[in-house]
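Q: Position chain B relative to chain A; hints supplied.
Chains A and B, in that order, give the protein sequences.
This note's numbering runs 1 ahead of the 1-based position in the first sequence.
This note's numbering runs 75 ahead of the 1-based position in the second sequence.
No wet-lab data here; the hints were simulated from the structure.
Be aware that a few hints might be false.
[Unchecked claim] With the C-beta cut set under 10 Å, the calculated list includes, among others, these residues of chain B facing chain A:
(1) D318
(2) F362
(3) R529
Every residue gets a Cβ at the ideal spot worked out from N, C-alpha and C, and that includes glycine.
Residue-level listing of the chains:
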Amino acid sequence: MIPHAIAAALLDAGQKWPGFELHPESASTIADGVDELHFFLTAVTLFFTFVIFTVIFYFMVRYRRKSEDEQPPETRTYLPLELTWTLVPTALCVVVFVWSSSLYFQNSRAPNAAMEIFVVGKQWMWHLQHPEGVREINELHVPVGVPVKLTMTSQDVIHDFYIPAFRVKQDVLPGRYVSIWFQATKTGRFHFFCSQYCGTGHASMIGWVEVMSPDDYAAWLAGGTRGETMLQAGERLFQQYGCATCHVADGSGRGPSLAGQFGKPQKLRDGQTLVVDEGFLRRAITQPNSMPLPNYAPVMPSFQGQLNEEQILQLIAYVKSLAGEERKTKGQ
Amino acid sequence: MSAAPGAPAAARVDYLNADYGIRSWLLTTDHKRIALLYLGTITLMFFVGGTLAVLMRLHLIDPAGALVHPDTYNKLFTMHGIIMIFFFLIPSIPAVLGNFLVPLMIGAKDLAFPKINLLSWYVFITGASLALYSLVAGGVDTGWTFYTPYSSTYSNSHVISMAIGVFITGFSSILTGLNFIVTIHKMRAPGLTWFRMPLFLWAIYGTSLIMILATPVIAITIMLVGAERILHVGIFDPALGGDPLLFQHLFWFYSHPAVYIMILPGMGVISELITCFSRKKIFGYSFVAFSSMAIAVISFLVWGHHMFVAGQSVYAALIFSLLSFLVAIPSAIKVFNWTATLYQGSISYEAPMLYALGFIGLFTMGGLTGLFLASLATDVHLSGTYFIVAHFHYIMVGGAVMAYMGGLHFWWPKITGRLYPDMWARIAAAIIFFGFNLTFFPQFMLGYLGMPRRYATYPAEFQILNVMSSAGASILGIGYLIPLIYLIWSIRYGPVAPPNPWRAKGLEWQTPSPPPTYNFETTPVVTEEAYAYGPADSAEEGAHG
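Next up, chain A with everything else stripped away, as it sits in the complex (with noise of 0.2 Å):
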């Protein structure tokens, strides 16, 4: 393939040249494909620009000015290369748009086998949590050759989870929570960054990824210093801040239940109905009046500010949980 063959051809210059890269490493399954678009966009970049510099130049010598008194002739305007220099720049472009909004369309989905990692960015470090348990502050372990898809929420300002040589970025947005993914190639440790500007400590939202081989990552999720698992957590913030004593499972509380509730559609008092996913969920406990549901009083208090964004992501991953358990009981 020849980016590829560019690609290396760039890497091996910077190798050459400690500090002069050229390329930035390629690590993740969808950076071949931005990069290829690139290079494309490169060479479209070196060729106009070479093509209007030489004209340019050799229009200054040919027809520079020779005596004072020279007459050049009248301009005549050519209605074809007009025609010409507007239709094949939007064609170019109607090309470069289908291309790359297929290839950001395509990236934009996390396949649904991803593993997830909660990622929570406050003034001015990254707070990341395994399904498992494990936290890690602005270092994220991730194996190799398996989906990650990151669930991000910021707890003040605006942050951006960038990592360069996955072709990843994204801005994490406070009060609500946005995703991204990515499946890395090879092993090895890749700088990430906060890419929106955030305040003082801005520059120093840098972490590292370190992707590791599904056998290391597993070693390293084992020995992690974990107490409860992010379910096990909620469980317990369940119970302790009353959750339960509404939502009861068999529906007969003051609250819905909330067993097999994520991923449904839910119909709201106003009449929109929303899917319940974590923004949803997230709306409920921090915000619950702001959308009554049809056969319950709206009495439920809000948690703003009682729960850190850690401690929602747990609950949900609990609530989210709780949708295996009514399949359980169905089938009795």
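A: Using the frame of chain A, we list chain B on its own:
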């Protein structure tokens, strides 16, 4: 800035020596004097903003930060951005060259509303004073983009005074734009039909439309940030029930068109320079004119391309991407037409022409690198990095500032009645071109390698390219100081300029340099198209009218 004393043609009364004293300047309603008031003000702002940039680049020589605390660095890039954009680039060509030239180019005595014109300068310096106050009082650290909720809740800097400064300055833009639109509609000389107008006027007209339509949006947005900051009304901060993306939509709804407020007038200047120094009529007049209007219209529909990774929907991103590609086409058309104008011309290389050719080259690169950012898949990797910084500066400095410098040199003899030393001007233009590329080309590479922008410190692997960029900035700084010196020198010591030193077409060259207060002895009558260089030209100048 006194009138040229002891000029040989001392008998003639022009706008500079018609009256003396500070009052005659501060209370003037003469568009030419107001242009000079703006020139002084924005030159000051340019060198303040430039000094901040030099400090930034010095700081970045060392990965750990060579000079200042990160907080100070954050203020440096914020103040650099705010001052350069709101207080230099936006007023640069419209308020200085536009103010001076619009009435002269259409054969009018003044703008339609001379007093409003003076008012808009006072509004401008009020805003500029608040900006300088904010700088001296300790600065602002939000980035020029004022993203919420950082700006509205978290920042501990002088956001409010700066926001009020930007808010007030917006009204100056609106008033200037309104003045230009009315003037161009109502005050054109007999025979000057729309399609005989110089392309500079088309560009100024398109710019003015953007100014009056877009500026109110930034004013409202900034006010909402203030309301949230002072009164804690939940608008943008989710902790108060607001939506942080709402701010970005509103902000870019102004700030993307604002990019064209900065570059469109520059394109207008280039059309004037290319035709004059190649002694050719513009190639494809109507294509160039309509492309200005197309840019003005489409520029309102592309703001979402600043938000591809901000969390807007995938489908919105697709639409904004397509529209962003479309806005590139009119710019490409202009570049091709300028290049074609040179064909079979009689090209000479005085300083303004060097700036114009530099503009075409750098704008081409700036425009083409924009394609990387309009295209979604590559934008994900490049947005928020130095690639953006480089692209933006290729358009704004390589484009808008080059055009402004070219225009300033071109019309300087008309403005001051004096000639500057052309050799120095050519040397400065070459230094600026070289320094600019050394500063900003490495930033494309830095961004591609993944270095985020607005970093006070950075990983060591990015150092070499950063040092190159800093070296370029020092050269660029010197490049800008040289014109400051020789242009000021020329006001007193430069040779007296003839009415039309470049043998240019256009009504502004048919009146003496500097022009009399009311511009023309008798109202000129226009009988030919713009840029009627060519066979009929011969040596006689300013024969008609």
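Q: Taking the hints in turn, state whether each one holds.
A: Hint-by-hint comparison with the structure:
{"no.": "1", "hint": "D318", "verdict": "8 Å, holds"}
{"no.": "2", "hint": "F362", "verdict": "5 Å, holds"}
{"no.": "3", "hint": "R529", "verdict": "4 Å, holds"}
Violation of the numbered hints given earlier is absent; every hint is satisfied by the structure.
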